Amino acid sequence: MPFEPTLAHFLILSAAVFTIGLVGVMIRRNAIIVFMSIELMLNSVNLTFIAFARYRFETDGQIFAFFIMAVAAAEAAVALAIVLHVFRHKRGVSVDEMQQLKY
Amino acid sequence: METLYADDFYFLGLIVLAPLIGAIINGVFGSKLPRKLVGWIACGAMALSFLFGLISLQGLIQHMEVTEESGGMAPHLTFTVYEWIYSGALTVDIGFLFDPLTAVLVLVVTGVGLLIHIYSIGYMSDDPDLWRYFCYLNLFVFAMLILVLGNNLLVTFIGWEGVGLCSYLLIGFWFSDEKKAQAGQKAFIVNRVGDFFFLIGMFLIFYMTGTWDYVELAQIATNAEVAATQLAPIALPAGLLIFLGCTGKSAQIPLYIWLPDAMAGPTPVSALIHAATMVTAGVFLLARLNWLVTLSPTLMAIIAVTGALTALVAASIAVVQNDIKRVLAYSTVSQLGFMFMAIGVGAFAAAIFHLMTHAFFKALLFLGAGAIIHAMHHEQDIRNMGGLRKLMPWTHATFAAATLAIAGVPLFSGFYSKDLILWNTFANTHVLNLAEAQEALQDQAVVFTEVIQHITHGGVGALPEITGEAVELAGWAVTVNWVVWLMALTTAGLTAFYMFRLYFLTFWGDCRADEETKDHIHEVGMPMRIPLAILGVLSVIGGYIGWPHFIALLPDGMYEAVNRYAFAFENWLADVFLVANEYRLVGRFGDEPYWMELGLAALAVAVAFSGIALAYFMYIKRPDLPGVVKERLAVVHNVLDNKYWVDEAYDFLFVRPTLWLGRAMYWFDTNIIAGFLVGGTAFITRSLGKALSNLQSGNVQNYATYVALAIALIVLALLWSIEWGPFPWF
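Top line first, the protein sequences correspond to chains A and B.
Using the numbering used here, you'd call the opening residue of the first sequence number 27 and step up by one each time.
Using the numbering used here, you'd call the opening residue of the second sequence number 101 and step up by one each time.
If you're looking for bench data, these hints aren't it; they were derived computationally from the structure.
As the structure is a prediction and not an experimental result, all values here were calculated from the model.
All the given hints hold, so there is nothing to weed out.
Here are some of the chain A residues that sit facing chain B, going by a computed Cβ distance under 8 Å:
#1 MET52
#2 GLN125
#3 GLN126
#4 LEU127
Not everything, but these chain B residues come out facing chain A in the computed CB check (under 8 Å):
#5 GLN796
#6 GLN801
#7 ALA804
All C-beta atoms in this analysis are idealised placements derived from N, C-alpha and C, irrespective of residue type, glycine included.
Given the sequences, and given the hints that come with them, work out the whole structure.
Below you can see the structure in the form of structure tokens.
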């Protein structure tokens, strides 16, 4: 009997990826890695959408996934630009050094 | 005049408006106007007000020809300026009422006021703040007119407060002298105590009757059933509270202490406010509320005894005072006591009569004293005066007339009013009748209703019988009258003595002033002389409209001749006090006790003359005698000289505890309220903010962690709620 992945499998995978991304955001110092972790989280959400779309035989989730990809692309452009600027100012991209915005 | 209606008589508004406009002009532009003009604007305003008062009087007389007393109110003119408060059961108009009682007060206030304004032009001629003085003075007259013209208790109260304010401003007119400023504050604060009681009394009346309007209240008072349920139960408490208010304004025991200190103000102010007008407001108010006062015999007895006590105490203090204005101040307190005595025995017309004659002769005495003080460079001690008779003939002549009037010498105005009061304290039996009413009221409202019906139907039908406790009450009341009469007679003798002591020390003998002052003594100028002369004439003839009833003993022809005008004053006010008068119409000594009246009058005159004779003997014949008496009666002198230590007692009983309480409150406010509560709240908020601000570290990863944790918590809560019901804390 060939292996047939169910919805639960996709959701578990998605949750695992999301958690990896979340932990990455929380603990990594390098801004680029943090940014990549955010991408991981976004894509895990995309995976959930697609899984549900398939499961319910509807296309709404797929459309959402496209939107998220578009937004992620735009975000990538902006975020990379910010990181570039930070690098020029600080000669480094560690988020620990970006703590000026506080009380 | 035909075009004016009695209920829209706009001259009443103009009476009030004239001094207000005068005050506004002088208050706003006065400092830039020429000094002469300032005085004449103020006098012009007063003259206009007096003129409108006369027009209103004329209107009232015409109105009285076509209308009769109704619903407990004499014929009256009214004028409503506007509807002030309209809220539920409470409607209050700014409205004026002009009945015979108000007419007397308005003419006294504006007439005597006008004379004193004219006098002030001379007296205050070299004061730099002349405009401020005349502004206050006009403002005072405005407030006083509001007081006497108001058609309900609230408007009267506005005037009541207004005159209190102006009194404060004028006592402390020379406020750079701290003592004078403090005298003003004392007057104001003592008056506030009285005003507080007045207000509660007012509220009590409103609570029971739902109105403050004098006309409506008088209607309630005359309607037996309504009065029994609405007015009679509060007659004592409300009347007593209002009377306490009057003791403040009219300087009676226990609140008389401010008036002697009020002499710190300019002398014309003392004449106008603290002798002729404002201090008589209490007498006026009780006369206005006569139907309330007469409902409670206990209250009447309290008023009579308080008045008698005040009269006696103040007169005894006046005997040893050496400051000319202080003697007159205590004399004013004493004479006001006479008026309250008259109110207390139900002789309202006599009280108002004495109010009027007193306004004439006491204003004159103060103006005369002012002339002397002016001439002697602000010397006020009578021990340093003397011999002014020849140097100031005008002042002397008028002062002598006023002194004779206040001493109660026949043919001078004071005799007539004082004798009327003395006779009423002796003979009135109103308390007797009221005791029945009160007794009946306590037992059954039915009998009370009968009494009231008896009264309102002009004495038709039999009075309910006096039984049991009522007889005792009546006997007690007669005793009170006896005591009051004796005190009044003693006071009359004392009055004659201390006034002639003052007169002899000031005008007779040799001048005891130093040479420099003596050289400068001069008769006063025209603006001061004319008011003195007019008031002098009034002090003599002012009483001729109210002769004692015993003139009926005159031969028929003569009696017919004088009868037309002899009782003019009494007749004029008859309708105003109709309800109250009906209470006491049962004479204690039969219908025509003329010989007894004559005998008592002769006794009173004899007492007055012995007072005068004693003063003559002590201060002219044997000038060494006062010193001897003073030594012999050192204890008495000490008590009187220290004014019975009333000020000291009040200082100990009220002023110090109040100050102490004030300091304790201050400590509590700064330390507990501001320090602990307000400061503590601020401290907690600040510390908490500081602690929480550490959360905003600037590290985005921290923020992300918070968000993640919060979402985790929300998810947890949702799952929890699905499984086990609401999550705790949410």
